[in-house]
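Take these sequences, add in the hints, and give me the full structure.
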Amino acid sequence: MTFRRSCVSTMLGRVAVVLAALANVARADDAVPILGPPDVVASQPEQPSTFAPWSPARVALDLRLFSSARWTKQKGDDLTELRLDRGEVGVRVGITRQAAAELRLEAIRSAGEGGTLGVDGDSMVARIKVAQVGGTIDAGPVRLDGALGFVRDPWLATLEDGYALLPLSRTASERLLGWPTSDLSAEIRASFGPARLSVAVGNGEGLRYPERNSGKTTTAVLEVVPIHARDLRIAIAGVGRDGSVGAASVRDRRAGGGATVITPLVRGGVEAVRAWGVGDRGDVVGTALAGWAEATPIPRLSIAARGATLGIMNGRASTFGGAVAVTPWPSPHGELRVWLAIDRQTSSGAASPLPGVAPVDATVLMVIVSAEAPYIP
Amino acid sequence: MRWFAIAVLAAGCGNALPSEREQRVIDALADDNYVWALRDPALVAKKLVKMQRGPYEWLRGTAGLYWRDLTELGDRAATAFGDPASSRVLLVGDPHPENVGTFRAADGTMIIDWNDLDAAGYGPFTADVRRLAVGLIIAADSTDEAFTTELATHAVRGYVAQLARPALSIGLGMHPLFDKELTKGRDRGDAHSAVDELAPITDGVRYIAFGDLEPVADDGAYEDTVMPVGAEAAVWIDEAVARWAARRGETATVKLRARRLGSGVASYAALRYNVVLEGPTAAPEDDQVLELKEERDGLVLHGVPQLQIGEWASPATRVVDTMRRLQSRRDADPRLGAADLGGLSLKVRDREAYQRGLDHLDLAALAAGKTSKRMQLLELADLLGGLLASAHGNARTLDGALGSTVIAPVLAGREDAFVAELVASARTEAGQVIADHAALKDRDLAALVIPPGFR
Numbered sequence: 012m013t014f015r016r017s018c019v020s021t022m023l024g025r026v027a028v029v030l031a032a033l034a035n036v037a038r039a040d041d042a043v044p045i046l047g048p049p050d051v052v053a054s055q056p057e058q059p060s061t062f063a064p065w066s067p068a069r070v071a072l073d074l075r076l077f078s079s080a081r082w083t084k085q086k087g088d089d090l091t092e093l094r095l096d097r098g099e100v101g102v103r104v105g106i107t108r109q110a111a112a113e114l115r116l117e118a119i120r121s122a123g124e125g126g127t128l129g130v131d132g133d134s135m136v137a138r139i140k141v142a143q144v145g146g147t148i149d150a151g152p153v154r155l156d157g158a159l160g161f162v163r164d165p166w167l168a169t170l171e172d173g174y175a176l177l178p179l180s181r182t183a184s185e186r187l188l189g190w191p192t193s194d195l196s197a198e199i200r201a202s203f204g205p206a207r208l209s210v211a212v213g214n215g216e217g218l219r220y221p222e223r224n225s226g227k228t229t230t231a232v233l234e235v236v237p238i239h240a241r242d243l244r245i246a247i248a249g250v251g252r253d254g255s256v257g258a259a260s261v262r263d264r265r266a267g268g269g270a271t272v273i274t275p276l277v278r279g280g281v282e283a284v285r286a287w288g289v290g291d292r293g294d295v296v297g298t299a300l301a302g303w304a305e306a307t308p309i310p311r312l313s314i315a316a317r318g319a320t321l322g323i324m325n326g327r328a329s330t331f332g333g334a335v336a337v338t339p340w341p342s343p344h345g346e347l348r349v350w351l352a353i354d355r356q357t358s359s360g361a362a363s364p365l366p367g368v369a370p371v372d373a374t375v376l377m378v379i380v381s382a383e384a385p386y387i388p
Numbered sequence: 002m003r004w005f006a007i008a009v010l011a012a013g014c015g016n017a018l019p020s021e022r023e024q025r026v027i028d029a030l031a032d033d034n035y036v037w038a039l040r041d042p043a044l045v046a047k048k049l050v051k052m053q054r055g056p057y058e059w060l061r062g063t064a065g066l067y068w069r070d071l072t073e074l075g076d077r078a079a080t081a082f083g084d085p086a087s088s089r090v091l092l093v094g095d096p097h098p099e100n101v102g103t104f105r106a107a108d109g110t111m112i113i114d115w116n117d118l119d120a121a122g123y124g125p126f127t128a129d130v131r132r133l134a135v136g137l138i139i140a141a142d143s144t145d146e147a148f149t150t151e152l153a154t155h156a157v158r159g160y161v162a163q164l165a166r167p168a169l170s171i172g173l174g175m176h177p178l179f180d181k182e183l184t185k186g187r188d189r190g191d192a193h194s195a196v197d198e199l200a201p202i203t204d205g206v207r208y209i210a211f212g213d214l215e216p217v218a219d220d221g222a223y224e225d226t227v228m229p230v231g232a233e234a235a236v237w238i239d240e241a242v243a244r245w246a247a248r249r250g251e252t253a254t255v256k257l258r259a260r261r262l263g264s265g266v267a268s269y270a271a272l273r274y275n276v277v278l279e280g281p282t283a284a285p286e287d288d289q290v291l292e293l294k295e296e297r298d299g300l301v302l303h304g305v306p307q308l309q310i311g312e313w314a315s316p317a318t319r320v321v322d323t324m325r326r327l328q329s330r331r332d333a334d335p336r337l338g339a340a341d342l343g344g345l346s347l348k349v350r351d352r353e354a355y356q357r358g359l360d361h362l363d364l365a366a367l368a369a370g371k372t373s374k375r376m377q378l379l380e381l382a383d384l385l386g387g388l389l390a391s392a393h394g395n396a397r398t399l400d401g402a403l404g405s406t407v408i409a410p411v412l413a414g415r416e417d418a419f420v421a422e423l424v425a426s427a428r429t430e431a432g433q434v435i436a437d438h439a440a441l442k443d444r445d446l447a448a449l450v451i452p453p454g455f456r
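As they're listed, the protein sequences go chains A and B.
Using the numbering used here, you'd call the opening residue of the first sequence number 12 and step up by one each time.
Using the numbering used here, you'd call the opening residue of the second sequence number 2 and step up by one each time.
If you're looking for bench data, these hints aren't it; they were derived computationally from the structure.
Every value quoted in this text rests on a predicted model; they were computed, and no experiment measured them.
Watch out, some of these pointers could steer you wrong.
[Stated by the list, open to error] Cβ pair distances, simulated, as ranges: (1) A:68 x B:243: 52 to 58 Å; (2) B:409 x A:80: 35 to 41 Å; (3) A:124 x B:188: 42 to 48 Å; (4) A:80 x B:249: 37 to 43 Å; (5) B:43 x A:139: 28 to 34 Å; (6) A:72 x B:248: 42 to 48 Å; (7) A:310 x B:76: 47 to 53 Å; (8) A:353 x B:249: 45 to 51 Å; (9) A:386 x B:448: 48 to 54 Å; (10) A:335 x B:442: 55 to 61 Å; (11) B:281 x A:132: 32 to 38 Å.
The C-beta atom is built at its ideal place from N, Cα and C for all residues, glycine as well.
Structure (structure tokens):
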């Protein structure tokens, strides 16, 4: 089978370039740039509007830390270790009431998973996750937001908006399909009533590399919130992505959707994505399915369940788990939770690192401490 | 403006594009050479040219691709010979025939053993056996499929047979080709030919012979070229040698330093330095020569449960440790050691002529020879299979078990089926190597692999 690099993606990329050029000419004297939504204030307490409004805050900070103790039971020796699963700090500075700049850093281990080659040994290092300049314009009933730089991927941002189990697992799109969390890109968002359309055009290489081919990757996400009441919020979203990754322009095409339901006692979500091209394999076609739910039967105590599976040709990689979480010290300033969790991992066939050997089957027991602390003076 | 816009939109979409397989190969090469390409794109370009010379060079330059094909998502044949325990065996990582060479152990014994553990790590034993069989098929460079199948069969049977035997140590008298190499290595080593070639004595003083020790090839790739090092590099080379010596409880005096280009294929673009050390006396005749070689991460099986960090402190310590564990004698290279300088990890080894590698052309000559020569090649395949089994079987796995105790149960009673599966998969893989090489041997790989702005 011969792979053809997507002309659609190339065309969309070129359309974006041309539109940007035309817009630049049209607005040469306009003091307000076309800029986008800040990530730092994306998740706020319940808002009266359908989507989080543009924040006029002069400064906003955000800290997110997930740390875990893990016991992996498998055939052969068990593994135990402490990990810093996520360590992020973000700062957003308002430049005008309609423009802001944001920088978010994340801690990562400098050596690859299981490897030894790192920066000056195997230390943890900080890398840029988000570095964007954003702005907003109200055009009657439509709000236009835009961002340029290292911008969060709009699909992962949509999935994580309301996703309560991030300390347990990344979303299926990120964990199973390797969807990059952010990319050197330009994003435009248009919000109109209960609907929002986000379009990002970027390199498609994520955080690992600068651009390595001339094709651009376009991601479009349409969100609709048909119910947005005090006791019930339902959001549905669809995504389309077309582009290429790597020096050889391997196809990176996705289509999918998801839904989130939030009530005072229960929240949950589903996610389904079809992928044409995974990693550096343009010929691989797979479907990722995931679901999660969290209930808070009594204050300060939650129970959660989640599962995700990726079907590839004649194989499947799956992860299912559950958790109990307590909030020992409720606070209006943030959320500190302690989780006792279990995660079961399996793989088979084309989705296994070693077809026929099943080296992945494992059960992971975890104690996780998660802290999420936004701060807006 | 509108015309500009239309022109931009109309451009593109018409270029001839590589097939999906070619894309994968190019992407793997781009990934594996990325850091080197940013540092020294010209050297990476020469490496790619060297890989294009023939299927064997291509095989040597694509070990990373081999492992990707074996372990990453996608349609692959399932093995019937593996389980979790035997997928955590300590592997050579790239056991092709040219990764075998001569050593002079601490007591002076000359032996044959694995000499390049750059890719060593934990993984499924079947993959190493298959890689060896593939290497033999490609090295034979023969259109006689029955013979190359027999060659692969001998390698796998040699592997199976050795598992039930005591550790194998290959010395003089075991194979004519090995005897030739062992004798050459001993004679040249005793004559200090390596240090004399690098830094001949003139009027009682050694000087580095900068320039081409072998002429640059017609395709532009260095074969064996010695270049000077700058003052800054000289400082950290001396520091690396001092650290290497300190770990051994010794002191070392560096007399001369040089960068050496042209060795290897996969590691062609890696930093390699030669240093001449003061010997036991001040006389230049007993000076010694070491090689410092940049090391990177080896085999890491992704997507399996594992600790975040490997068990070794650095790539060079991994190479040194695995070499000692996988070779038949821990003292095969008495000077073997490691030195880490920040992000640069250097393996230190004896560079005297005692150590010399097999040449795949010698194997091709045997394959093209008369029956007796072909028999020699089959016997060599038996021995190499045995050498690999001995390495696997006598090294501890990631779980701490002896390799033989986790491999033997997987094969017990199914040896013939194992041979059949491995030979069939090796033939398929050899065909893929040849097809990849044929598809890309005439392409401007540097333009495809090296990042824009660095070409």
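How does the Cβ-Cβ distance of residue 72 (chain A) and residue 248 (chain B) compare with 42 to 48 Å: does it lie in that range?
-> The hinted range 42 to 48 Å holds for residue 72 (chain A) and residue 248 (chain B), with Cβ atoms some 46 Å apart.
If you check the beta carbons of residue 124 (chain A) and residue 188 (chain B), does the distance land in 42 to 48 Å?
-> holds (47 Å)
Whether the CB-CB distance between residue 353 (chain A) and residue 249 (chain B) falls inside 45 to 51 Å = With Cβ atoms ~48 Å apart, the hint holds.
Range hint compliance [Cβ, residue 68 (chain A) to residue 243 (chain B), 52 to 58 Å] | The hinted range 52 to 58 Å holds for residue 68 (chain A) and residue 243 (chain B), with Cβ atoms some 55 Å apart.
Verdict for residue 386 (chain A), residue 448 (chain B) (Cβ pair) under range 48 to 54 Å | holds (49 Å)
Cβ distance range 28 to 34 Å for residue 43 (chain B) and residue 139 (chain A), holds or violated = 30 Å Cβ-Cβ, so the 28 to 34 Å window holds.
Is 55 to 61 Å a correct range for the gap between the Cβ atoms of residue 335 (chain A) and residue 442 (chain B)?
-> Since the Cβ atoms of residue 335 (chain A) and residue 442 (chain B) sit about 59 Å apart, the hinted range of 55 to 61 Å holds.
Assessment of proposed distance window 37 to 43 Å (beta carbons of residue 80 (chain A), residue 249 (chain B)) | For residue 80 (chain A) and residue 249 (chain B) the Cβ distance comes to about 39 Å; the hint holds.
Residue 132 (chain A) and residue 281 (chain B) - C-beta distance against the hinted 32 to 38 Å = holds (35 Å)
Mind checking the hinted window 47 to 53 Å against the Cβ distance between residue 310 (chain A) and residue 76 (chain B)?
-> Once the Cβ atoms are compared, 51 Å apart, the range 47 to 53 Å for residue 76 (chain B) and residue 310 (chain A) holds.
Quick one: are residue 409 (chain B) and residue 80 (chain A) within 35 to 41 Å, going by C-beta?
-> holds (36 Å)
Hint violations for this structure: none, all hints satisfied.
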